[in-house]
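**Q** Sequence:
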Amino acid sequence: MGVRKVILGIIYALQIGAAALIIGVTAVRLQNIEWQGFNEQTLSAFTEEANCLLGTSINSESLCTYAYVACGASIGVTLLLMMLSCVFCACCGCGGVLDAAIAGVATVWWAVAGGVLTANAVKANRAGWPAGLWRTVVFCAAWAAAGLFALVALVHMCAPSSMSQEPDMGGPMERRMSNRRSRRALREQRSVYAQFSTNANPYRAFKPEARAAAKV
0 MGVRKVILGI IYALQIGAAA LIIGVTAVRL QNIEWQGFNE QTLSAFTEEA
50 NCLLGTSINS ESLCTYAYVA CGASIGVTLL LMMLSCVFCA CCGCGGVLDA
100 AIAGVATVWW AVAGGVLTAN AVKANRAGWP AGLWRTVVFC AAWAAAGLFA
150 LVALVHMCAP SSMSQEPDMG GPMERRMSNR RSRRALREQR SVYAQFSTNA
200 NPYRAFKPEA RAAAKV
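According to numbering that gives the first Met the number 0, the sequence shown is numbered sequentially starting from 0.
You can take every hint at face value.
Simulated restraints on C-beta separations:
| # | residue 1 | residue 2 | range |
| --- | --- | --- | --- |
| 1 | Thr135 | Asn31 | 16 to 26 Å |
| 2 | Glu47 | Ala118 | 14 to 24 Å |
| 3 | Glu47 | Met156 | 46 to 56 Å |
| 4 | Glu33 | Ile9 | 35 to 45 Å |
| 5 | Ala72 | Ala118 | 15 to 25 Å |
Worth flagging that the hints you see were computed from the coordinates, not collected in a lab. C-beta atoms are modelled at their ideal positions from N, C-alpha and C, and glycine is treated no differently.
Based on the sequences and whatever the hints tell you, model everything.
**A** Laid out in structure tokens, this is it:
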């Protein structure tokens, strides 16, 4: 169980990292960009501006906005999965199934986003627009996020249900109290056994009055 939590924690961190990478690259390298060009016909330099370089429609910011929305939703889903793993799955016993379902939906979400970003990036790269490397980084990170969510769903589906787990014995204080009660009960059992083992017929040691009272 501990190893599973560590693996999920690493995957969740990578999911947030992939979304943050897309946001950072888009904001810094692909949005509101200016670059210098050269016109071979007029033999003169010129300055070009682009609102968003994720696709060929450089004057439209729709693709950059879509990338931000996809990343924001992804980070929100990752935080939700972390909260479910830490709190709710221990209470209701159905956390594994719920987590797997949410991760599956997020996988489809990122697969669609990866397809959209890849198609537009390939067109822009073939058209010769600048920042081709950063467009490639963005759609590769999108596919990586899809794979990470698929991995989370796989881990939750393969892991045993929390309902089949043994109940938690509580914190250290509760466990110590339970151990003390167990030791006390064991000592009492040993004491009774010792009395019967040292006296061949312990009932003879009772006085007649005690035997009469016992019969009543």
